[in-house]
Amino acid sequence: MIVTIIRKELKMLFASPLAWLLFALIQLMLTWILLGRLDAFLEIQSQLLQIANPPGVTELIILPVFAMAGLVLLMVTPLLSMRLLAEERRNHTLPLLISAPISITDIVIGKFFGLMAFFLMIVAMIIVLCMSLLLGGKLDFGLIISNVIGLLLLTACFTALGLYISSLTVQPAVAAIVTLGGLLGLWLIDLAADGGNQWLQDISLLRHFERFNQGLIDTLSIIYFILFTATFLILTIRRLDGERLQG
Amino acid sequence: MTIVTTLLVRDLSRNYGSFTAVHNINLELKRGEVLGLLGPNGAGKTTTMRMLTGNLAPSTGSIQVCGIDLLTKPLEAKTHLGFLPEIPPLYQDMTVDEFLLFTAKLHHIKKRDIQTKLNEVIKRCGLSERRRNLISTLSKGFQQRVGIAQAIIHNPDVIILDEPTVGLDPNQIREIRKLIRELGNSNSVILSTHILSEVVNICDRVQIIHKGGVVFDETLAALKQQGASLEMIFTQLTQ
Numbered sequence: 001m002i003v004t005i006i007r008k009e010l011k012m013l014f015a016s017p018l019a020w021l022l023f024a025l026i027q028l029m030l031t032w033i034l035l036g037r038l039d040a041f042l043e044i045q046s047q048l049l050q051i052a053n054p055p056g057v058t059e060l061i062i063l064p065v066f067a068m069a070g071l072v073l074l075m076v077t078p079l080l081s082m083r084l085l086a087e088e089r090r091n092h093t094l095p096l097l098i099s100a101p102i103s104i105t106d107i108v109i110g111k112f113f114g115l116m117a118f119f120l121m122i123v124a125m126i127i128v129l130c131m132s133l134l135l136g137g138k139l140d141f142g143l144i145i146s147n148v149i150g151l152l153l154l155t156a157c158f159t160a161l162g163l164y165i166s167s168l169t170v171q172p173a174v175a176a177i178v179t180l181g182g183l184l185g186l187w188l189i190d191l192a193a194d195g196g197n198q199w200l201q202d203i204s205l206l207r208h209f210e211r212f213n214q215g216l217i218d219t220l221s222i223i224y225f226i227l228f229t230a231t232f233l234i235l236t237i238r239r240l241d242g243e244r245l246q247g
Numbered sequence: 001m002t003i004v005t006t007l008l009v010r011d012l013s014r015n016y017g018s019f020t021a022v023h024n025i026n027l028e029l030k031r032g033e034v035l036g037l038l039g040p041n042g043a044g045k046t047t048t049m050r051m052l053t054g055n056l057a058p059s060t061g062s063i064q065v066c067g068i069d070l071l072t073k074p075l076e077a078k079t080h081l082g083f084l085p086e087i088p089p090l091y092q093d094m095t096v097d098e099f100l101l102f103t104a105k106l107h108h109i110k111k112r113d114i115q116t117k118l119n120e121v122i123k124r125c126g127l128s129e130r131r132r133n134l135i136s137t138l139s140k141g142f143q144q145r146v147g148i149a150q151a152i153i154h155n156p157d158v159i160i161l162d163e164p165t166v167g168l169d170p171n172q173i174r175e176i177r178k179l180i181r182e183l184g185n186s187n188s189v190i191l192s193t194h195i196l197s198e199v200v201n202i203c204d205r206v207q208i209i210h211k212g213g214v215v216f217d218e219t220l221a222a223l224k225q226q227g228a229s230l231e232m233i234f235t236q237l238t239q
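Going line by line, the protein sequences match chains Z and V. Last residue of the first sequence: 247 (our numbering), numbering continuous. Last residue of the second sequence: 239 (our numbering), numbering continuous.
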């Protein structure tokens with residue numbers, strides 16, 4: 001049942017030019033960064049050889065690409081998540097799903113994984129991009145895997161928050177702006193945390209992602225990401241259910 | 001097919017804060033019956049229908065669809081329900097085929113039956129020529145037919161139609177009424193409307209709802225026998 005919803009979401013996503021456009025733009029931007037870093041790497045390569053334990057291709061080229069990908073996906077998620085529920089509501093299609101023999105939980109989970117499937121494709125493209133460096137050297141696959149896990153968990157958080165905010169409003173544009181604001185806030189809270197506020201650091205999405213970016217798969221960060229995602233998914237389910245009760 | 005009563009509603013009420021939209025409504029629907037819900041605007045018809053289809057939780061009362069309680073076993077009960085809301089719930093970016101395929105899957109139709117069911121419903125609703133058209137390009141009449149198609153694709157025992165003929169031209173109205181009459185022979189149908197002639201033409205029984213309560217409940221055959229005019233009754237009861 002969830003699969004039906006996932007397939008429908010993907011179909012709707014790729015029926016609009018927006019998804020294709022974003023797909024291409026993200027790829028273009030990340031390739032640009034990869035090439036830029038590659039250029040810089042080639043320039044300093046001879047100097048690196050003189051260092052005892054020099055950073056490799058993965059650290060110098062791929063890590064910045066993933067760090068940038070996190071930021072790019074933060075910008076892109078609101079554009080894609082805004083329509084998930086707000087548009088259903090605006091087009092009066094929600095009764096179709098609710099009258100069907102499918103639970104609200106399945107609807108929400110289906111929508112979540114529908115968008116995650118899209119991000120999975122983007123991450124797959126990033127991996128392919130990084131693999132192109134195999135032509136000229138060796139890569140640290142452990143570090144790449146840590147980054148991929150981090151990026152996927154991070155987008156899961158973005159998507160869950162976007163989905164929840166989309167369930168609050170009828171206007172997709174409002175959902176997009178509020179989501180972007182919320183995500184940026186959670187991202188930038190890290191700046192405020194520099195003063196030494198431990199709890200601010202603990203809730204900053206960026207801080208947790210940075211650990212993965214450096215190749216540190218931290219259980220605490222995994223738990224944080226999963227809790228964050230689950231919280232907003234549950235809030236979405238409760239919100240839709242509450243509409244039926246109070247509406 | 002042994003169950004005769006397909007829908008049983010007891011003492012259904014719904015409050016919005018201190019406002020009572022629907023008050024103690026009782027309904028009973030048998031297989032092969034078309035029930036017309038008649039009422040002025042804001043009488044509570046749409047609220048009632050939303051409760052019957054699980055879109056709105058009632059404040060009190062019980063709803064049984066084919067003997068299954070809608071409130072305690074919603075998923076099971078909903079397999080017996082088909083619903084066309086006032087505004088047809090259509091995905092404008094899908095083609096008619098894609099949309100109906102999606103609704104068929106939503107209603108757990110078995111994979112090997114899907115194509116047959118799809119062809120059947122498309123033929124029944126007169127959509128054969130528009131199968132590959134995007135829903136957004138269809139006229140209001142055709143969109144309404146797609147809306148009806150999604151409500152009947154899984155051959156539900158109870159079909160609930162909220163103002164199915166609104167905004168259609170006279171020819172389309174006639175066709176849709178014919179379709180509803182056909183559906184009413186094998187399944188049971190509830191339709192809401194404020195067009196009196198529609199009720200006279202296609203319904204077996206009529207209930208008039210006014211200010212959230214049922215004020216009149218009679219079969220059309222009995223009305224005919226008494227020689228009473230539905231219009232007179234309606235005006236008397238709702239003014």
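These aren't lab readings, by the way, just hints derived from the structure by calculation. Don't take each hint at face value.
Restricting the straight-line Cα-Cα distance to at most 35 Å, the calculated cross-link-like pairs of lysine-lysine (DSBU-like) are [said to hold, decoys possible]:
| hint | chain 1 | residue 1 | chain 2 | residue 2 |
| --- | --- | --- | --- | --- |
| 1 | V | Lys123 | V | Lys211 |
| 2 | Z | Lys11 | V | Lys224 |
| 3 | V | Lys117 | Z | Lys11 |
| 4 | V | Lys110 | Z | Lys11 |
| 5 | V | Lys73 | V | Lys111 |
| 6 | Z | Lys11 | V | Lys111 |
| 7 | V | Lys123 | Z | Lys11 |
| 8 | V | Lys30 | Z | Lys11 |
| 9 | V | Lys110 | V | Lys123 |
| 10 | Z | Lys11 | V | Lys211 |
For the chain V half of the interface with chain Z, some residues (derived, Cβ under 8 Å), not all of them [as the list claims (entries may be wrong)]:
| hint | residue |
| --- | --- |
| 11 | Leu27 |
| 12 | Pro89 |
| 13 | Asp93 |
Beta carbons are placed, not taken as given, at the ideal position from N, Cα and C, and that holds for glycine.
To see whether the hints hold, each was checked on the structure:
no.: 1; hint: Lys123/V to Lys211/V; in the structure: 40 Å, violated
no.: 2; hint: Lys11/Z to Lys224/V; in the structure: 52 Å, violated
no.: 3; hint: Lys117/V to Lys11/Z; in the structure: 22 Å, holds
no.: 4; hint: Lys110/V to Lys11/Z; in the structure: 21 Å, holds
no.: 5; hint: Lys73/V to Lys111/V; in the structure: 24 Å, holds
no.: 6; hint: Lys11/Z to Lys111/V; in the structure: 19 Å, holds
no.: 7; hint: Lys123/V to Lys11/Z; in the structure: 25 Å, holds
no.: 8; hint: Lys30/V to Lys11/Z; in the structure: 40 Å, violated
no.: 9; hint: Lys110/V to Lys123/V; in the structure: 20 Å, holds
no.: 10; hint: Lys11/Z to Lys211/V; in the structure: 43 Å, violated
no.: 11; hint: Leu27; in the structure: 17 Å, violated
no.: 12; hint: Pro89; in the structure: 4 Å, holds
no.: 13; hint: Asp93; in the structure: 5 Å, holds
Consistency with the previously given hints fails for numbers 1, 2, 8, 10 and 11, ordered from lowest to highest.
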